[in-house]
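Letter by letter, the chains look like this.
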Amino acid sequence: MTATNWARLAIVVCVGLIIQVAILDEIVIFGAHPDIMILIVAAAGIVAGPSRGAIVGFVAGLIADLFVVTPYGLGALCFVVVGFAVGLVRSISSEQEIDAPKTTLCIVAAAIGTLLYALLGSLIGQTGMFKAAPAAIIVVALGACVLSYPVLRVVKWALTGSVRSRSTYAVPRGGSAAG
Amino acid sequence: MNRRTSQRLTLVMLVLASLTVLTLDYHGEAKRAINHLRTASIDVLSPVQRGISAFVHPVGDVFAGALHYGSLETQNEKLRDEIGATRRELAQSINERSAADQVLGLASLPFVSGIPSIPAEVIADASSNFEYTMEIDRGTSDGVGPGMPVIADSGSSGGLIGVVNSASSHDAIVLLITDARARVDVELSSGSTWVASGEGHGEPLSLSEPSGSSSEVHTGNSVYTSGLGGGTYPAGIPIGAVSAVRSSAGGFSQDVLVRPFVNLDDLQYVSVLEWLQPA
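Protein chains in written order, with this note's numbering: chain A, 76 to 254; chain B, 25 to 303.
It is worth saying that the hints were derived from the structure and are not from the lab. Note that the structure is predicted; figures quoted are calculated from it, not measured. One thing to keep in mind: the hints can contain errors.
A few chain B residues that don't get close to chain A, going by computed Cβ distances all over 12 Å [claimed, not checked]: (1) THR110; (2) SER141; (3) GLU211; (4) GLY226; (5) PRO258; (6) GLY260; (7) SER272; (8) GLN278.
Interface residues of chain B toward chain A, partial, derived using beta-carbon atoms under 7 Å [unchecked claim]: (9) GLN73; (10) PHE154; (11) GLU233.
Yeah, the Cβ is synthetic: ideal placement off N, Cα and C, and Gly gets one too.
Only chain A is shown next, with the shape it has when bound in the complex (with noise of 0.2 Å):
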């Protein structure tokens, strides 16, 4: 991946964290509202492969933790292991040749995420965590939905330049698609 690449990332997490604050954070639906940053680590996965995937949900989760105020860190943990997730399942689907529909991908995996997140802030002691989960888990499904394929669309332009469909996820110029 190129800096040109990093780059064109960096400002899609920055204007997903603004989007996220500014305009979903008001559309509070039983408690809970969608969230996109969720959505980028996962079509991070998807198209740059587990370990980028990974990468990206640590650097979001680490600016997605500045702005609430359960342990720093706990975002960057539970993108890390949805972005590597997501890019692994996708990569064994595409070595198989199942064409793994990414936009459900993105919406099963933000849905995981949200249950991974309330999981782990449980573990590590954070009240109330897991009662409030199945809502924010709906929620963030259905805002999923409606994101995921205008978010995969952009995160691909970031990380490939281009935002034409294909079936497997894009292989940097000059190296493996899995980083």
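Starting from the known structure of chain A, arrange chain B on it as the hints suggest.
Here is chain B on its own, set in the frame of chain A:
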């Protein structure tokens, strides 16, 4: 090194890095540095956030309105009845109205008298689905600091809604009393003292019974801050009313639920009390 090994190594390193950051957040010096970083980030982003929120607020209201249409209809009906009753009362006597105004005025004043307060506008809700906070447009440059109680008035009643969790120069994050991390030492109108804790969005607060207490609690009892617990909150701020009392297994303790006076879902303006926990 083959591809799979390299991937696993990346994952392990990033998980370890995340765990290190997480651990550092629990240590004094590092925690302070992280808090500075957090407040600086909020300062940077808040002008953009405010600008966009001004346009987006109505969109959020439309969603909320559509989702709560049924309850709004009921509320509307109730409000219409109340307006009708109020009009009849007003027509009866101007003197009665004057007296009612005085009573209402007295009822709303006591808990803030003597404590200076800073009015603030709510500019954003929590950025995480697992915390109940709100962002207000006043920060350290306006005199707002962590630990200050925040109150609000929702028409007929007012009361405590939370405490300032962190403050940057122009904004602050308020931890709401419904957040599971919120703990408030409270006193019931019957005189007994308890600790109230949040149970999440839309849920009543839960009171935990102090050891050895045998006080009777009844539905409708008012709940106020007690001023105990090191004086985190000044005494006498209304919080809510007891909505349910249940005896737990064996009848040795009681589960008491408290419905807050202030509807936390629909706040636009709040007031920060310039009160700091005594050293």
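Status of each hint after checking the structure:
1. Chain A leaves THR110(B) outside its interface by the beta-carbon criterion, the shortest separation being 31 Å against a cut-off of 12 Å.
2. For SER141(B), the condition that its CB be more than 12 Å from all CB atoms of chain A holds, with the nearest at approximately 23 Å.
3. Residue placement check: GLU211(B) keeps its beta carbon more than 12 Å from all beta carbons of chain A (closest about 23 Å).
4. The non-interface label for GLY226(B) is inconsistent with chain A: the shortest C-beta to C-beta separation is roughly 6 Å, within 12 Å.
5. Every Cβ of chain A is farther than 12 Å from the Cβ of PRO258(B); the closest lies at roughly 23 Å, confirming the non-interface assignment.
6. With a cut of 12 Å on Cβ distances, GLY260(B) stays outside the contact zone with chain A, its closest approach being about 27 Å.
7. With a closest Cβ-Cβ approach of about 19 Å to chain A, SER272(B) is found to remain outside the 12 Å limit, as its non-interface label requires.
8. The beta carbon of GLN278(B) is kept farther than 12 Å from every beta carbon of chain A, the shortest such distance being approximately 21 Å.
9. Because the smallest distance between the Cβ of GLN73(B) and any Cβ of chain A comes to about 5 Å, under 7 Å, the interface hint for this residue holds.
10. Interface hint status for PHE154(B): upheld, as the beta-carbon distance to the closest one in chain A is roughly 5 Å, under 7 Å.
11. Using the Cβ-Cβ criterion of 7 Å, the hint placing GLU233(B) at the interface with chain A is not satisfied: the shortest such distance is roughly 18 Å.
The structure fails to meet hints 4 and 11 from the earlier list, while all remaining hints are met.
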